[in-house]
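The hints should help you fit chain V onto chain Y, whose structure is shown.
Protein sequences appear in the order of chains Y and V. Residues 1 to 827 (the numbering used here) make up the first sequence, in order. Residues 1 to 97 (the numbering used here) make up the second sequence, in order.
Honestly, the hints are just simulated from the structure, not real lab data. Yeah, the Cβ is synthetic: ideal placement off N, Cα and C, and Gly gets one too. Don't take every hint at face value.
[Stated by the list, open to error] Quick list of in silico lysine-lysine cross-link-like pairs, BS3-like style, CA-CA up to 25 angstroms: (1) V:K2 with Y:K722; (2) Y:K31 with Y:K201; (3) Y:K804 with V:K61; (4) Y:K138 with Y:K41; (5) Y:K30 with Y:K131; (6) Y:K699 with Y:K817; (7) Y:K760 with Y:K476; (8) Y:K211 with Y:K31; (9) V:K75 with Y:K728; (10) Y:K781 with V:K61; (11) Y:K622 with Y:K760; (12) V:K64 with Y:K728; (13) Y:K728 with V:K46; (14) Y:K549 with Y:K615; (15) V:K46 with V:K73; (16) V:K73 with Y:K728.
[Stated by the list, open to error] Label pairs and their in silico Cβ distance ranges: (17) V:K46 with Y:E696: 55 to 63 angstroms; (18) V:N76 with Y:Q571: 40 to 48 angstroms; (19) V:E86 with Y:Q706: 24 to 32 angstroms; (20) Y:T752 with V:E86: 31 to 39 angstroms; (21) Y:Y596 with V:K46: 40 to 48 angstroms; (22) V:E86 with Y:E621: 30 to 38 angstroms.
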Amino acid sequence: MRYDFITIIKLVAATFLPVVLSVALYLAEKKTRFGKVQYWKRQTIIGVLFGGLAVLATEFGISVEGAILNVRNAAPLTAGLLFGAPSGIIAGVIGGVYRFIATYWGAGEFSQVACTIGCILAGLFGAGCRKFMFDDKKPSWAYGLAIGGTTEVFHMLLVFLTNMDDVYGAYKVVALCALPMIICNAVSVMLSLLLVALIGKERIKKHFKSKQISQVFQFFLMICVVVAFSGTMIFTLFLQTKIAYANADKLLELNLEDVKNDLEKSLESGGSVDDEIKRAVQNRHIGQSGGIIVCNEQGIIIYDNGGHVGESIYTLKNTEDVKAHPDARFTAIIGETESYCMFSVMEGYYLIATIPVSEAMFSRGIAVSILAFMEVIVFAALFAHVYFLLKKLIVDNIHKINGSLAQITDGNLNVQVNVRENEEFASLSDDINATVDTLKHYIAEAESRIDRELEFARQIQHSALPSVFPPYPDRKDFDIFASMDAAKEVGGDFYDFWLVDSSRFAFLVADVSGKGIPGALFMMRAKTLIKDLAESGLSVAEAFTEANKELCENNEAEMFVTAWMGMLDTQTGILEYVNAGHNPPLVRHKNGEFEYLRTRPNFILAGMDRTKYKKYELTLEKGDEIFVYTDGVTEAADTDNKLYGENRLKTVLSSSCGAAEDLCRTVRADIDQFVKGAEQSDDITMLCVKLNPVEEEEKISVIPDQSSIETVADFLSATLEKWETPVKLANKAKIAVDEIYSNVVYYSGATTAEIILTEKGERLEIRFEDNGKPYDPTTAKEPDITLSAEEREIGGLGIFMVKKMAAEIDYKYWNGKNVLVIGFVSK
Amino acid sequence: MKIKKELENNVLVLALEGRLDTVTAPELEREIIDLSGVRDLVIDMKNLEYISSAGLRVILKAQKTMNTQGSMKLKNVGESIMEVFEITGFSDILTIE
Numbered sequence: 001m002r003y004d005f006i007t008i009i010k011l012v013a014a015t016f017l018p019v020v021l022s023v024a025l026y027l028a029e030k031k032t033r034f035g036k037v038q039y040w041k042r043q044t045i046i047g048v049l050f051g052g053l054a055v056l057a058t059e060f061g062i063s064v065e066g067a068i069l070n071v072r073n074a075a076p077l078t079a080g081l082l083f084g085a086p087s088g089i090i091a092g093v094i095g096g097v098y099r100f101i102a103t104y105w106g107a108g109e110f111s112q113v114a115c116t117i118g119c120i121l122a123g124l125f126g127a128g129c130r131k132f133m134f135d136d137k138k139p140s141w142a143y144g145l146a147i148g149g150t151t152e153v154f155h156m157l158l159v160f161l162t163n164m165d166d167v168y169g170a171y172k173v174v175a176l177c178a179l180p181m182i183i184c185n186a187v188s189v190m191l192s193l194l195l196v197a198l199i200g201k202e203r204i205k206k207h208f209k210s211k212q213i214s215q216v217f218q219f220f221l222m223i224c225v226v227v228a229f230s231g232t233m234i235f236t237l238f239l240q241t242k243i244a245y246a247n248a249d250k251l252l253e254l255n256l257e258d259v260k261n262d263l264e265k266s267l268e269s270g271g272s273v274d275d276e277i278k279r280a281v282q283n284r285h286i287g288q289s290g291g292i293i294v295c296n297e298q299g300i301i302i303y304d305n306g307g308h309v310g311e312s313i314y315t316l317k318n319t320e321d322v323k324a325h326p327d328a329r330f331t332a333i334i335g336e337t338e339s340y341c342m343f344s345v346m347e348g349y350y351l352i353a354t355i356p357v358s359e360a361m362f363s364r365g366i367a368v369s370i371l372a373f374m375e376v377i378v379f380a381a382l383f384a385h386v387y388f389l390l391k392k393l394i395v396d397n398i399h400k401i402n403g404s405l406a407q408i409t410d411g412n413l414n415v416q417v418n419v420r421e422n423e424e425f426a427s428l429s430d431d432i433n434a435t436v437d438t439l440k441h442y443i444a445e446a447e448s449r450i451d452r453e454l455e456f457a458r459q460i461q462h463s464a465l466p467s468v469f470p471p472y473p474d475r476k477d478f479d480i481f482a483s484m485d486a487a488k489e490v491g492g493d494f495y496d497f498w499l500v501d502s503s504r505f506a507f508l509v510a511d512v513s514g515k516g517i518p519g520a521l522f523m524m525r526a527k528t529l530i531k532d533l534a535e536s537g538l539s540v541a542e543a544f545t546e547a548n549k550e551l552c553e554n555n556e557a558e559m560f561v562t563a564w565m566g567m568l569d570t571q572t573g574i575l576e577y578v579n580a581g582h583n584p585p586l587v588r589h590k591n592g593e594f595e596y597l598r599t600r601p602n603f604i605l606a607g608m609d610r611t612k613y614k615k616y617e618l619t620l621e622k623g624d625e626i627f628v629y630t631d632g633v634t635e636a637a638d639t640d641n642k643l644y645g646e647n648r649l650k651t652v653l654s655s656s657c658g659a660a661e662d663l664c665r666t667v668r669a670d671i672d673q674f675v676k677g678a679e680q681s682d683d684i685t686m687l688c689v690k691l692n693p694v695e696e697e698e699k700i701s702v703i704p705d706q707s708s709i710e711t712v713a714d715f716l717s718a719t720l721e722k723w724e725t726p727v728k729l730a731n732k733a734k735i736a737v738d739e740i741y742s743n744v745v746y747y748s749g750a751t752t753a754e755i756i757l758t759e760k761g762e763r764l765e766i767r768f769e770d771n772g773k774p775y776d777p778t779t780a781k782e783p784d785i786t787l788s789a790e791e792r793e794i795g796g797l798g799i800f801m802v803k804k805m806a807a808e809i810d811y812k813y814w815n816g817k818n819v820l821v822i823g824f825v826s827k
Numbered sequence: 001m002k003i004k005k006e007l008e009n010n011v012l013v014l015a016l017e018g019r020l021d022t023v024t025a026p027e028l029e030r031e032i033i034d035l036s037g038v039r040d041l042v043i044d045m046k047n048l049e050y051i052s053s054a055g056l057r058v059i060l061k062a063q064k065t066m067n068t069q070g071s072m073k074l075k076n077v078g079e080s081i082m083e084v085f086e087i088t089g090f091s092d093i094l095t096i097e
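Looking at chain Y on its own, in the form it has when it is part of the complex (with noise of 0.2 angstroms):
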């Protein structure tokens, strides 16, 4: 055995010696705090702990039969492989710098190079292999096995490369140190990988169902380089083996027949026999460390370069046969040194030549371990080229595309499937593509479909609400506008409104709980009943009972309806309304303010069938106003959610004025400002009723002459005085009429004017008409008031009086006449 015990210990503690490493570096990064340092700064410093490794291995290297065994390339390549890319190149080069300077105080100069080489090399194998190969993941044992010993294997070969010149000291060193580096380093990085994967209680082995590509093709590769490689391998052991017989042979038989030459010629010139044979083998060199052994008859040894004189030449040791036939080769053992062997007969004396079987066999050997080296080198590289390409090639292709797929999957159509490495990949791509343009085109068509169908539907749904404004033109004691504006194409909201008989009119607002096709059918029934139910003769408060009940029944889809309706009396102005779960409407008696009409709501219709509707009342007077919506109203959103609300709705309509489509339309821009553009959630569904106050109107033409002034204003004071204006108001129409008119007298140049008065509850207008010179008054130059009295001028006061008492105050030029129209009203 070459190997004693504590060479074995030694060589296992080295190998040891990474993994304690690996599993403490892990665990530290694991548990403390280790783990959470910056990522260079980490790989640093494992970086320089497995450099340090390499030191050590480097300065305690196991010396066996002069050659130095050492665990080094394993702490980088462990480094690079379980830890990152960086650590392993760090660690390899400070085991590799350190191996080359290291020479200086010790270490082999012969494998200095090629050790230097080997560990840099190392660290960037591990750094490679765990970024390219393994995703910059920890790789599976097995993988640290091979990748271990293929490094391993490469640095046995850079041994002989670095020592081209002392072929056959590069082989002594090689044939000592291959096998028990190579298996040390091997499982050393191994073992880190197992022992770090059991820890980290990682899977080992991945269950996949079916193989991997890769693992599919590197399987048959193994397979075929195996055999190929095998047979080549023994083909050349073979072939060398048969050279190297056949040299020993020629070079044994060619210094024999030298030797019987030289004494044959030298005893012819005379001399005795036993020492021209000692002078003729004397100098004799077979090889590098063969010779010639000179025996008598009786075996005795009489000359011999290995010092062995007088020793029977049967004490040699032979392996075969002792009784050789003469010229033909035998193996013996030479002093200590198997050698191969040939004698011949000369003189009574016995010549036999011999060299060691080392020397022999040292081109053969050489010649199979390089080639082994480099079958394992190749192989390794085939290895990772079929990994590599088919990764490359196909796998982070299919990766790519399926990535696609996945987009698509979720819905979105316009990905494009764009992999054109190669033509399979590209064709497979269009492939794809052209099946998604199909599918998209397939989907808008059915898009437009159910588009131009819910366009059907709400053209018939829009139908089905009463949209011509207004509906009763020869009715003046009241005034309605509603509209619908849908979120989806079809809406559950719904307004109604009909003349139940001369004097009542009814109107109603709802929303259904659903929207599009289910909430628009449901919608069309809830209608119908109610409009049927009520024109029936029903009150308010029956028709939603009974219409409860039907709509109850059969009701599957579990929808239901809040709904406001409201029965007006426009004589006596009494309302009548009902309220199923619907928001509160807003009324405004008198000019004053809006105010919502809470009433305690009954629920909601289509909810339960037993539910008894109650019946309030409601006194409105001329002028009055009641405005009812749905909640899409008071809960429309703005981009950031915020709601709409009651209170602004309350105090836009409270501050717009003019007839029930004026009003409509307010809210409508006041929601439209207020969302800022965000997407309509909710119908928005909004009617307006209101009991016009009665109209009367006077007036008075005139030629404007100064005397008309008086006139004027006396007509002024007798209608408002029929008219029982109040002071208040009264005065101020005429300090008005006053600057106006006699602006009209004095300076338009008119020949004709008119004087139009109307009063239509709180509100009294003054239009003026003269065919005098265009003048705009409300485009006059205001004065200062703010002069003193010395300062002061009259000139312009007039028109600034007027224009502060009036709530409006319009003018334009039509006709040829100019048309001034003042309105008050009384605050």
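Frame of chain Y; chain V shown alone:
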């Protein structure tokens, strides 16, 4: 418009009744065209309905005259007329009781 006139110890009291507008303003203007010897002018507006810019012009003229020879004040100014004075800034330059 009716104007009641009382002069006592250099104090002239003018009581106006009706409206003071384009038509009637010249009447008042005639009354105040000669204020010589008047130290204090008092205009009583108790029965005045309203006043327009033509009336304001005459009031301003009287105020300017009285600024040079004595004082002028208005009394019994009703709500409507006060509103006109305020709108036009006349309330700042008149003495209103």
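Exercise for review: List, from low to high, the hint numbers that the structure doesn't satisfy.
Suggested key: Numbers 8, 12, 17, in rising order.
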